[in-house]
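J.: Read off the chains here:
2 protein chains.
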Amino acid sequence: MERVGFIGLGLMGKPMAKNLLRHGFKMAVFNRSKAPMEELASLGATPCGSSKEVAESSECVITMLPDEKAVEQVLLGRGGVLEGLAPGCVVVDMSTVSPGFSREMARRVEEKGGEMLDAPVSGSTMAAEQGALTIMVGGKPEIFEKIRPVFEAMGKNIYYMGGAGMGSFTKLCNQVAVSLNLLGVCETLMVAAKAGLDLRKVIEVISTGAGGSWQLSTLGPRMVMRDFRPGFKVKHLRKDLRILRETTESLGLCLPGVALVSELVKTLDEMGHGENGTQALVEVLEKLCNIRIG
Amino acid sequence: MERVGFIGLGLMGKPMAKNLLRHGFKMAVFNRSKAPMEELASLGATPCGSSKEVAESSECVITMLPDEKAVEQVLLGRGGVLEGLAPGCVVVDMSTVSPGFSREMARRVEEKGGEMLDAPVSGSTMAAEQGALTIMVGGKPEIFEKIRPVFEAMGKNIYYMGGAGMGSFTKLCNQVAVSLNLLGVCETLMVAAKAGLDLRKVIEVISTGAGGSWQLSTLGPRMVMRDFRPGFKVKHLRKDLRILRETTESLGLCLPGVALVSELVKTLDEMGHGENGTQALVEVLEKLCNIRIG
Chain A
1 MERVGFIGLG LMGKPMAKNL LRHGFKMAVF NRSKAPMEEL ASLGATPCGS SKEVAESSEC
61 VITMLPDEKA VEQVLLGRGG VLEGLAPGCV VVDMSTVSPG FSREMARRVE EKGGEMLDAP
121 VSGSTMAAEQ GALTIMVGGK PEIFEKIRPV FEAMGKNIYY MGGAGMGSFT KLCNQVAVSL
181 NLLGVCETLM VAAKAGLDLR KVIEVISTGA GGSWQLSTLG PRMVMRDFRP GFKVKHLRKD
241 LRILRETTES LGLCLPGVAL VSELVKTLDE MGHGENGTQA LVEVLEKLCN IRIG
Chain B
1 MERVGFIGLG LMGKPMAKNL LRHGFKMAVF NRSKAPMEEL ASLGATPCGS SKEVAESSEC
61 VITMLPDEKA VEQVLLGRGG VLEGLAPGCV VVDMSTVSPG FSREMARRVE EKGGEMLDAP
121 VSGSTMAAEQ GALTIMVGGK PEIFEKIRPV FEAMGKNIYY MGGAGMGSFT KLCNQVAVSL
181 NLLGVCETLM VAAKAGLDLR KVIEVISTGA GGSWQLSTLG PRMVMRDFRP GFKVKHLRKD
241 LRILRETTES LGLCLPGVAL VSELVKTLDE MGHGENGTQA LVEVLEKLCN IRIG
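First to last, the sequence lines map onto chains A and B. Position one of the first sequence corresponds to residue 1 (UniProt numbering), numbered consecutively onward. Position one of the second sequence corresponds to residue 1 (UniProt numbering), numbered consecutively onward.
For the record, the hints were derived by calculation from the structure and aren't laboratory data. Among the clues, some could well be false.
[Said to hold, decoys possible] Distance ranges between label pairs, derived from CB positions: (1) A:294 to B:88: 35 to 45 Å; (2) A:22 to B:270: 54 to 64 Å; (3) B:267 to A:26: 54 to 64 Å; (4) B:49 to A:156: 55 to 65 Å.
[What the hints assert, rightly or not] Short, incomplete list of chain B residues facing chain A, as computed with Cβ under 10 Å: (5) 127; (6) 134; (7) 181; (8) 183; (9) 197; (10) 204; (11) 206; (12) 209; (13) 214; (14) 288.
[As the list claims (entries may be wrong)] Lysine-lysine pairs mimicking DSS-like chemistry, simulated, CA-CA at most 25 Å apart: (15) B:156 to A:201; (16) B:239 to A:194; (17) A:266 to A:239; (18) B:140 to B:52; (19) A:233 to A:69; (20) A:26 to A:146; (21) B:146 to B:26; (22) B:26 to B:156; (23) B:201 to A:156; (24) B:52 to B:112; (25) B:201 to A:140; (26) A:194 to B:140; (27) A:146 to B:201; (28) B:194 to A:239; (29) B:146 to A:201; (30) B:194 to A:140; (31) B:140 to A:201.
Cβ coordinates follow ideal geometry from the N, Cα and C atoms, glycine included.
Same shape as in the complex, but just chain A:
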């Protein structure tokens, strides 16, 4: 496994692809906008004119795209991966998509003689840059083992979760925890601000105990500083929550917390915060509570 293709050089994809180059993989890349492709080319990657071209020269093709529609287009569309797929080539979709969609894509790739893994990630752009992502993988175990060195170039915590779709399912589970912890941080800061407490100190105190979370330690201070630069964008959380609700609806699950956060994140996006980081959720609570913190 030497030749890896990478399609989708966005906020996460670009640093991930760079880490693969750093680890000595020979890379073909494709991206809709040209600038990140040129950046990767200057580091030694081969820029391609289509996804099909990437597939033709790769033993493993990674996709890191914003949504199912984009993945479907890149894999099944004209000039797409399936048109150039060599037998035995492994397609690794690292986008956050629904488990059902992952299974459908695996079926289509296998029909063409390829193999497929769903391998979404958890962690910020900083984790992507440091090669410290958490990667949750679904697919055949022997294919997972074959691709392991590729994952190890991008992530620190790499987990095999089960058959096709199980990586995507694990990512949805992760987003449940992320969303409710995020809401917890926002509501905590509302009480603290109204009480007149020192918000940074409250975050520090709570982080030492049973209320501690990654969301609190990492995003709490950014809320207080009103630093809404994106580690993870609101529009992507909204999309993930939509997928989560569709999936849990079809499974017959009743998740009142997820339902609540979904509504609030939708409001946040509609307020114009789509390109901001999810810590901007504090502004929805500020509206509800008619206060402004920090």
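Fit chain B to the supplied structure of chain A, relying on the hints for placement.
T.: The following block gives chain B in isolation, referenced to the frame of chain A:
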């Protein structure tokens, strides 16, 4: 500051009092039921017949009680602390109560020539045993400094948060984060169980990334094992959420997440889980989702 009184030798109070003895404080103790008092006496504490008696022989009186009613009775009632209070004696209420109540008690203690701190804690009974509690203190800063050695015998992270009531306010903030993270863990496990994922592995994966929290790492595995032994009892969380809602109602705050968790915790208590640990909340979600995990 050598002579410390301790009133309320429950799940948290008893190990806290033991740590004070271990650190060489001379202690007078009182508790409604006799057994824990005798246990402390066998370790060198002086058992008393009333709260008043404790106050008469102490420079600092600590109360660690289940609710405001109990604190009011112990401080203001017949045979209570105020009847035996020496001038300059410091009353330290470590119970979880409302900020308004803390301020009212401080006023009553100061009227009698004493001093008061509100100093609720965060952390499990294990943290209490290990002297590793987080302690959030409100009151006069010079009184906080005077009592600091007492806190250091019981806790690891000791924070001065501001004037009277600010310790209690910080604890309420902590309970907001705790509650929403707890709900997050329950809903995460519902999705994971319905997907057929390995629940322990999902907890491990999520704990490494942006969905990680103390509630997930600590209570998640107990939910999976259906180990509902209490670190923190459901009936106490219900009480804290009631105080939280009364306080935020009077402050005019709109906290939809807190409102939701409050309703679910009420249901949990009414289901007969009052004496169990808060991880039992998973059973409410199991009912809603009509599944059983683990």
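J.: It remains to establish, for every hint, whether it holds in the given structure.
T.: Hints and how they fare:
1. A hinted range of 35 to 45 Å for the beta carbons of residue 294 of chain A and residue 88 of chain B is consistent with their spacing of about 39 Å.
2. For the hinted restraint 54 to 64 Å between residue 22 of chain A and residue 270 of chain B, the CB-CB distance of approximately 57 Å keeps it satisfied.
3. For residue 267 of chain B and residue 26 of chain A, the hinted distance range of 54 to 64 Å is satisfied, since their beta carbons lie about 58 Å from each other.
4. In this structure, residue 49 of chain B and residue 156 of chain A meet the distance hint of 55 to 65 Å, their C-beta atoms being roughly 60 Å apart.
5. Because the beta carbon of residue 127 of chain B sits about 8 Å from the nearest beta carbon in chain A, less than 10 Å, this interface hint is met.
6. Checking residue 134 of chain B against chain A: minimum C-beta separation of about 4 Å stays under 10 Å; hint holds.
7. Below 10 Å, beta-carbon pairs count as interface contacts, and residue 181 of chain B has one with chain A at about 5 Å; its hint therefore holds.
8. The restraint placing residue 183 of chain B at the interface with chain A holds, with a minimum CB-CB distance near 5 Å, inside the 10 Å limit.
9. About 6 Å separates the beta-carbon of residue 197 of chain B from the nearest beta-carbon of chain A, less than 10 Å, and the hint is met.
10. A cut of 10 Å between beta carbons decides the hint on residue 204 of chain B: the least distance to chain A is about 8 Å, and the hint holds.
11. Against a cut-off of 10 Å between C-beta atoms, the interface hint on residue 206 of chain B holds, since the closest Cβ of chain A lies about 5 Å away.
12. Checking residue 209 of chain B against chain A: minimum C-beta separation of about 4 Å stays under 10 Å; hint holds.
13. For residue 214 of chain B, the interface hint holds, the least distance from its beta-carbon to any beta-carbon of chain A being 5 Å, beneath 10 Å.
14. For the restraint placing residue 288 of chain B at the interface with chain A, the shortest Cβ-Cβ distance is roughly 4 Å, inside the 10 Å limit, so the hint holds.
15. Restraint check for residue 156 of chain B and residue 201 of chain A: the C-alpha separation of about 16 Å stays at or below 25 Å, so the hint holds.
16. Annotation: proposed proximity of residue 239 of chain B to residue 194 of chain A holds, straight-line Cα distance about 21 Å (limit 25 Å).
17. Of the supplied pair hints, the one linking residue 266 of chain A and residue 239 of chain A holds, its CA atoms being roughly 9 Å apart against a limit of 25 Å.
18. Restraint check for residue 140 of chain B and residue 52 of chain B: satisfied, since their Cα atoms lie roughly 24 Å apart, inside the 25 Å limit.
19. In summary, the hint linking residue 233 of chain A to residue 69 of chain A is supported, as the alpha carbons are separated by about 18 Å, within the 25 Å threshold.
20. Distance check on the hinted pair: residue 26 of chain A and residue 146 of chain A sit about 16 Å apart at the alpha-carbon level, within 25 Å; holds.
21. For the hint pairing residue 146 of chain B with residue 26 of chain B, the CA-to-CA distance comes to about 16 Å; that is within 25 Å, so the pair holds.
22. Restraint check for residue 26 of chain B and residue 156 of chain B: the C-alpha separation of about 21 Å stays at or below 25 Å, so the hint holds.
23. Taking the CA atoms of residue 201 of chain B and residue 156 of chain A, the gap is near 16 Å; set against the 25 Å cutoff, the hint holds.
24. Pair hint residue 52 of chain B plus residue 112 of chain B holds up; C-alpha atoms about 13 Å apart against a cutoff of 25 Å.
25. Proposed proximity of residue 201 of chain B and residue 140 of chain A is supported: the alpha carbons are some 18 Å apart, at most 25 Å.
26. Distance hint between residue 194 of chain A and residue 140 of chain B is fulfilled; the C-alpha atoms sit about 21 Å from each other, no more than 25 Å.
27. As the CA atoms of residue 146 of chain A and residue 201 of chain B are separated by approximately 21 Å, the hinted pair is consistent with the 25 Å bound.
28. Our distance criterion of 25 Å between C-alpha atoms is met by residue 194 of chain B and residue 239 of chain A, whose separation comes to about 21 Å.
29. Pair hint residue 146 of chain B plus residue 201 of chain A holds up; C-alpha atoms about 21 Å apart against a cutoff of 25 Å.
30. The suggested pairing of residue 194 of chain B with residue 140 of chain A holds, with an alpha-carbon distance near 21 Å, which does not exceed 25 Å.
31. The hinted pair formed by residue 140 of chain B and residue 201 of chain A meets the criterion: a straight-line CA distance of about 18 Å does not exceed 25 Å.
Going through the hint list in order, the structure satisfies each hint without exception.
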